[in-house]
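Q: These protein sequences, in sequence, are chains A and B.
Take the first sequence: its position 30, counting from 1, is numbered 30 in the numbering used here, and each next residue is one higher.
Take the second sequence: its position 7, counting from 1, is numbered 7 in the numbering used here, and each next residue is one higher.
These are computed hints drawn from the structure, not numbers from a lab.
Errors might be hidden in some of the hints.
Unchecked claim - A partial selection of chain B residues facing chain A, derived with a Cβ cut-off under 7 Å:
id	residue
1	173
2	176
3	179
4	188
Stated by the list, open to error - Under the rule of at most 25 Å between Cα atoms (straight-line distance), these lysine to any residue pairs were calculated in the SDA-like manner:
id	chain 1	residue 1	chain 2	residue 2
5	A	82	B	210
6	B	166	A	13
7	B	166	A	61
8	A	16	B	103
9	A	52	A	248
10	A	224	A	249
11	B	166	A	59
12	B	166	A	147
13	A	52	B	169
14	B	107	A	15
15	B	166	A	102
16	A	52	B	183
17	A	16	B	235
18	B	166	B	112
19	B	166	A	215
20	A	224	A	239
21	A	82	B	166
22	B	166	A	93
23	B	166	A	21
24	B	235	B	210
As the structure is a prediction and not an experimental result, all values here were calculated from the model.
Every residue gets a Cβ at the ideal spot worked out from N, C-alpha and C, and that includes glycine.
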Amino acid sequence: MAELLEVRQVSRRFYKGRSLVTAVNGVSFSLGRGEVLGIVGESGSGKTTLIKMVTRLLEADEGEILLEGEDITRAAGAGLRKARRQMQLVFQTPQDSFDPRQTLGRGILEGMVNNGVPRREAERRLPELLRQCGLSPDYARRYPYQVSGGECQRAAIARAVAVEPALLICDEATSALDVTVQAQVMALLEQLRRERGMAILFICHDLALVQQFCHRVLVLHRGKVVEEGTPDQVILHPKSDYTRTLVDAAL
Amino acid sequence: MEQKRRRPLRGVTLRLALCALLTGLILLVAVFAPLLTPYDPYAQDMSAALQAPSAAHLLGTDTYGRDVLSRVIMGARTSVFSSLALVAIICVGGSFLGVLCGWLGGKVDTVVMRLSDLFLAFPGMVFAIAVAGLIGGGMVNAVIALAAISWPKYTRLARGQTLAVKSAPYITAAVMANNTPLQIIFRHILPNIAGPLLVTAALDIGTMMMELAGLSFLNLGAQPPTAEWGSMMSKGRSMIQTSPWVVLGPGFAIFLTVLVFNFLGDTLRDYLDPKRRGVRSE
Numbered sequence: 001m002a003e004l005l006e007v008r009q010v011s012r013r014f015y016k017g018r019s020l021v022t023a024v025n026g027v028s029f030s031l032g033r034g035e036v037l038g039i040v041g042e043s044g045s046g047k048t049t050l051i052k053m054v055t056r057l058l059e060a061d062e063g064e065i066l067l068e069g070e071d072i073t074r075a076a077g078a079g080l081r082k083a084r085r086q087m088q089l090v091f092q093t094p095q096d097s098f099d100p101r102q103t104l105g106r107g108i109l110e111g112m113v114n115n116g117v118p119r120r121e122a123e124r125r126l127p128e129l130l131r132q133c134g135l136s137p138d139y140a141r142r143y144p145y146q147v148s149g150g151e152c153q154r155a156a157i158a159r160a161v162a163v164e165p166a167l168l169i170c171d172e173a174t175s176a177l178d179v180t181v182q183a184q185v186m187a188l189l190e191q192l193r194r195e196r197g198m199a200i201l202f203i204c205h206d207l208a209l210v211q212q213f214c215h216r217v218l219v220l221h222r223g224k225v226v227e228e229g230t231p232d233q234v235i236l237h238p239k240s241d242y243t244r245t246l247v248d249a250a251l
Numbered sequence: 001m002e003q004k005r006r007r008p009l010r011g012v013t014l015r016l017a018l019c020a021l022l023t024g025l026i027l028l029v030a031v032f033a034p035l036l037t038p039y040d041p042y043a044q045d046m047s048a049a050l051q052a053p054s055a056a057h058l059l060g061t062d063t064y065g066r067d068v069l070s071r072v073i074m075g076a077r078t079s080v081f082s083s084l085a086l087v088a089i090i091c092v093g094g095s096f097l098g099v100l101c102g103w104l105g106g107k108v109d110t111v112v113m114r115l116s117d118l119f120l121a122f123p124g125m126v127f128a129i130a131v132a133g134l135i136g137g138g139m140v141n142a143v144i145a146l147a148a149i150s151w152p153k154y155t156r157l158a159r160g161q162t163l164a165v166k167s168a169p170y171i172t173a174a175v176m177a178n179n180t181p182l183q184i185i186f187r188h189i190l191p192n193i194a195g196p197l198l199v200t201a202a203l204d205i206g207t208m209m210m211e212l213a214g215l216s217f218l219n220l221g222a223q224p225p226t227a228e229w230g231s232m233m234s235k236g237r238s239m240i241q242t243s244p245w246v247v248l249g250p251g252f253a254i255f256l257t258v259l260v261f262n263f264l265g266d267t268l269r270d271y272l273d274p275k276r277r278g279v280r281s282e
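Next comes chain A alone, as it looks inside the complex (with noise of 0.2 Å):
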C-alpha cells in the first residue's frame, strides 16, 4: 500500500535581493497513515517552506509530491481541493489563524461547509466537534480575542480536524503556549490522532516534545534533510554534527 504523504527530491529558491538562495534543496521523505512525523531545525533551515509546498501554498521549483498515491505537485483546480481537504494545518499564532471578525464557530464551519458538508449537518456536527477539543459548545460563539491562546489553539485544531483529513500538518503549533497548555494541546493531538487514524507532520524546536510525540525525526539543516530516525536515535544518539549541535543546544 502506498504512503500517506511521499516527498521527493523537492527544492525551492528564492531570490534575496539579487542573489539566489535555496531554501530547500532536494528534500525526500514518506509519511504513513497514523505516522507521526517530527521536523527539527533551526530557523531558515527550510522547515516551513516545505510545509508551504507540501500544502501547496507555494510550488516547488523540482521533485514531486505524492498524497495517497497522487502525484499533487502541479494539482489545480477540484485535484487541488481534493488534496487540500485531506491536509489540514495548525498554526503557531493561535488567535491570528481566525478572522477577527468571525466567530470561531464560523471558522470551523467555513472549511466543512466548502467541502461538501451540507451547512446544517456541519452545524449539528459543531458541539460535538469542540466537546472533543476540550471546549465547551458556547466557544463556537465567540471571537478570537475572547478566548485564551490554548483555547483558541483547540479550535483550531476542531476547525483542522472537521473536514476529516488524513494529514494534519502543525506548524509550531505549541510554541506560543505557555508548558501546561503546551501538554494539554498535545494530549489532544495524541488522542486525535488514536481516534481517527490521521498522521502528523509535527514542525517543532522542542526536541522533548518530539522525543515524546513523534514515531521519526527529520532534521533539517540549511534546507537539506541531515539526519533522519527515531527519536531516540537522532536525539540521543546523533549521527550528524549539526544535530549534536542542536541536541546540545536544547540541553
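Start from chain A and add chain B according to the hints.
A: Frame of chain A, contents of chain B only:
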C-alpha cells in the same frame, strides 16, 4: 470586570447613534428639500434684494432677492448628493482596483500603481480645474473631474491593506479551507480592510464637499441658477463686508455638514476596530 469591558461599547455606540441621527437629518433635509423651503429658492424679487436676516427671511436675501435659507436648504441636495456620489464612485472603484492589485500582484499591480503615481503627480485641484475646463462646467462634470484625481488614494490604501491582510495566517487558513479567491476577498479581505476605507470615505465626504464647492466657486461646478453652497459663496464673495449673510448661510451649511461627516468618520473608526469594542454580551 465584565461591566468595565462593556462600557466603551456603549460609549462608541452612543456616539455612532448620534452621528447617524445627525447624518440622517442632513440626508432628510437633502431629500425633502423642496418641501422644507419656506420660499421658492429660484424666485427672484428685485425689490427684496440683499435684505438682512429678519423674521420673514431668517438668513436674509441675496442680490436677486431670493431667500438665502431656501437656497441653503435646496443647496443641500446638490452639495450632499454630489459629494456622496463622488465618494461612492472613488471609494468603490478605487478600492476594487486596490484589492485586485494586492491580491493578484504582478503586472496588474505594476500597471495600476504606475497609473496611480501618474495621477498623484498632478497637483489635484489644478488637474480637476483642467478636466472641468476641458469637458465643461456643471455638477456632473465636476464630479467626474474630482473622481479622476481622487481614486488613487483608495487604490493605494486598499492595496496596502490587502497586502497586510493577505499574509495573515487566517487567510492561509481560508485557502486551506478551500475557499475560492472571490470568497476569500469577500468573506475575509474586504471585511477586514473595510474599516480604514470606510473611515477614509466618511472623512472624505467633507473634503470632497469642499472641493466641489471650490470648483463651483470657480464657476466650474454647479451652474446658475442651481442652488449649491460653493457657488452661492462664490456669487456672494464681493458682498462679504456689506451683506455677509449671503456668504455666511452657505458657509455655515458647509462647515456644519463637513463637521458631522468628519465626526461620523472618527466614530466609525472607533466602532469598527474590533479590539476597541470589548467583550460582547452573551
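Q: Can you name, in rising order, the numbers of the hints this structure does not satisfy?
A: Failing hints, ascending: 5, 9, 17 and 19.
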